[in-house]
Amino acid sequence: MRRHLPIILVVLLTTVIVSLFGLGGHFGATRLIHAQQERQLHDLAALVLRRTENSVQFATDAMDQLQSRGLVGCAPSTLQSIRFNIYQLGALKDIRVTRPNGSVQCSALPETLEFDRVWPSRDEMSATADGNQLIFKVDQYAQTSVGVMTDVDAETSLVAIFALPPALLDVLPEELQYNANVIVELNNDQLLAALHPLAGTGMISQFDQFMATSEQYPFRAVLRVDARALSNWEQDIYWPIVSLVAALGLAVSLLISRLLLRPESPIAEIDRAIANEEFQPYMQPIFRLDTGQIVGAEMLARWVKPTGEVVPPFRFIKLAEESGRIEAMTWQLLKLALTQMKPLLSADKRFTISVNVTPHHFMQQGFADDLRREVHAAGVAYRQICIELTEREPFEDLGAAASVVSTLQGYGFKLALDDVGIGHSGLSHLQGLGANTIKIDKFFVDTVGRDATANSIIQMLVRLAHELHMDLVAEGIEDNQQMQALIECGVERGQGYVVSPPVAIPAFLDLFEQNRASAETPASVYVA
Amino acid sequence: MKFMHKTSLIAAAALTLGMSAAAQAEMIDLYAELVGEGAVAESGATGEFNGTFDTETRELSWVVSYSGMSGPLIGAHIHGPAQPGENAGIMIGFEGIENNAFSGSEILDAEVVEDFLAGLYYANLHTEANPGGEIRGHILPVDSGMMN
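Chains G and Y, in that order, give the protein sequences.
If you count by this note's numbering, then the first sequence holds residues 1 to 528, one letter each, in order.
If you count by this note's numbering, then the second sequence holds residues 1 to 148, one letter each, in order.
Only chain G is shown next, with the shape it has when bound in the complex:
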């Protein structure tokens, strides 16, 4: 069967579709993974921020407690109580009493004062959103701490100092720990705490940043992750997604391929073949049994495909009839045959071309006129065209059919009844149609000379034809014995492989020329 696309194009198309889907899968998976990573890392930054906020809140609560108990001041007993609180709470490094400008009045743990690298003034501290506290970096030897200052009154403030321990910042998954750093920094960019700080310096040339900024406090948590490490992190779903989408692409491409490679519907093939004039008229000689002289030919359809393949009629005629294409096919074949046979028909005015017409076609309105117009246009005499009607299908209205026969005969056309003796209508067609020729079916010819019944039927048809003034043609003659037996039965003309199978018109014309050249030669010379 003909296919719409060569297989190589289908393979190419499949490759392209699968590649496109694969590419789409790649982008989709990458986006999905990136979105997941972004969400996770933002969540982790938010976790660090929340922990830091909790630490600040813890320090603020501690100072509030001291205030509520009146433990604010530099008296040794007060400082001792504050020290006890620091000891109890554990997380604080020191609590200092300051002036509102930030300068230290005293410290619960005064030795820690010596560990300060610098100490900021109030205007270098960052206020919280509600303005109740000031947050600042406490730069100490070997460590950075966070200071939270809260004003007690116009003369006195309290500062709680605590560090953000590494554990608080240790939120990164193992795969990223050495390729990222976690930072808590003030909004003025002062660093309060960092984990894996080396990862954030020269070791990372290009990083992605994920940030969570506090609404209440003037600091933020930042995760800086090496872009290369990120591209290798949590890629587990990449290949499944790409594979799945590529498989989907394969399925789609297979579906498209099936559609493209689906055999063309037979009817569409016939339509296309008619449009391309792939149906060609073949001619099988009708000859005199006694001399072998070719006196006519039956036009038979052959489907000659562009590949050169010749398709026999049993593979398409029935479908053409059922699908209503037989009429167009018949006209096309007739036109081609008349054009190509015109020289012979002009040279031999007794030569007849038989054309098979279905009863349905025959009974179509205007058939007789169309036929006449077609034959007239070709410049061929009407009497040289014989319309063969099959007896295999009955005419619904035999009278109407007889009327068409009569009209055609009035123009000069001849009528032959095909398949006589094996059809559904018995001899009714023979009686009612008034045809010019009876064609004896191969069914009887096959056994003529060997089966007395076949001989009797043929002899009966010969007598019938004679009485009705009809011609007789025996079809399907394959050997000399059959031909001899038919002659003995009184049959004068025949067709069959004994002389020639149906052949293309150029071959037929050659055969005709040879036949004429040896007109006097006995028929046996044609036996293949």
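A few of these clues could be false.
To be verified - Just some of the chain G residues that point at chain Y, by a computed CB distance under 8 Å:
#1 S103
#2 E111
#3 F115
#4 R117
Claimed, not checked - With beta-carbon atoms standing in for the labels, derived distance ranges:
#5 G:G70 <-> Y:G44: 44 to 52 Å
#6 Y:P72 <-> G:P165: 24 to 32 Å
#7 G:L191 <-> Y:E128: 18 to 26 Å
#8 G:L191 <-> Y:S103: 26 to 34 Å
#9 Y:S103 <-> G:R50: 46 to 54 Å
The hints are simulated quantities; they were obtained by calculation from the structure and are not laboratory data.
Glycine included, every Cβ here is placed at the ideal spot set by N, Cα and C.
Guided by the hints, dock chain Y onto chain G, whose structure is given.
Positioned in the frame of chain G, the structure of chain Y alone reads:
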């Protein structure tokens, strides 16, 4: 530095010092011997703080030198107010401390001048081995007659 006020209010400074508004401006020489104290008494390192204080401008100028330290300085400050043997917060951070002698100046806040001249501030030099301070000494006026 942190407590430096750039505005110069001579009258306010004079009041803070308990002097009359008509008191004359005076340059006060300051000195501190910097030695190891407490846990670091046997450090062996020594140093000196030599300074002057302008009562009119409240500008404190200093030259600090040291030797025999256990290692490079990681910090050096003036802390206060504190009695000898006590600790206090940073008032001034010295700069140029990588050299064995360094100098500088700052304007003191008016409210700290009295305590400062009363010897309640001390210089402290920090090293890696002694981050709490390797040598220190309270800064005292050389001329006790400065309050005339």
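#### Entry: Pairwise beta carbon distance, G70 (chain G) to G44 (chain Y), judged against the given window 44 to 52 Å
46 Å, holds
### Task
With 24 to 32 Å as the target window, see if P72 (chain Y) and P165 (chain G) comply at their CB atoms.
Taking Cβ atoms as reference, P72 (chain Y) and P165 (chain G) lie about 28 Å apart, which means the hint holds.
### Task
Take the C-beta atom of S103 (chain Y) and the C-beta atom of R50 (chain G), compute their distance, and say whether it sits inside 46 to 54 Å.
48 Å, holds
### Message
I want to verify a distance hint. Is the separation of the beta carbons of L191 (chain G) and S103 (chain Y) within 26 to 34 Å?
### Response
31 Å, holds
### Query
For the hint on F115 (chain G), does the least C-beta distance to chain Y fall short of 8 Å?
Holds, because the Cβ-Cβ distance from F115 (chain G) to chain Y comes to roughly 6 Å (cut-off 8 Å).
#### Entry: Assessment of proposed distance window 18 to 26 Å (beta carbons of L191 (chain G), E128 (chain Y))
21 Å, holds
### Restraint outcome when S103 (chain G) is required to lie within 8 Å of chain Y by C-beta distance
Because about 6 Å separates S103 (chain G) from the closest Cβ in chain Y, which is inside the 8 Å limit, the hint holds.
### Task
Tell me if E111 (chain G) is really an interface residue toward chain Y, meaning its C-beta lies closer than 8 Å to one of theirs.
6 Å, holds
### Query
Can R117 (chain G) be said to touch chain Y, with a Cβ gap under 8 Å?
5 Å, holds
Violation of the numbered hints given earlier is absent; every hint is satisfied by the structure.
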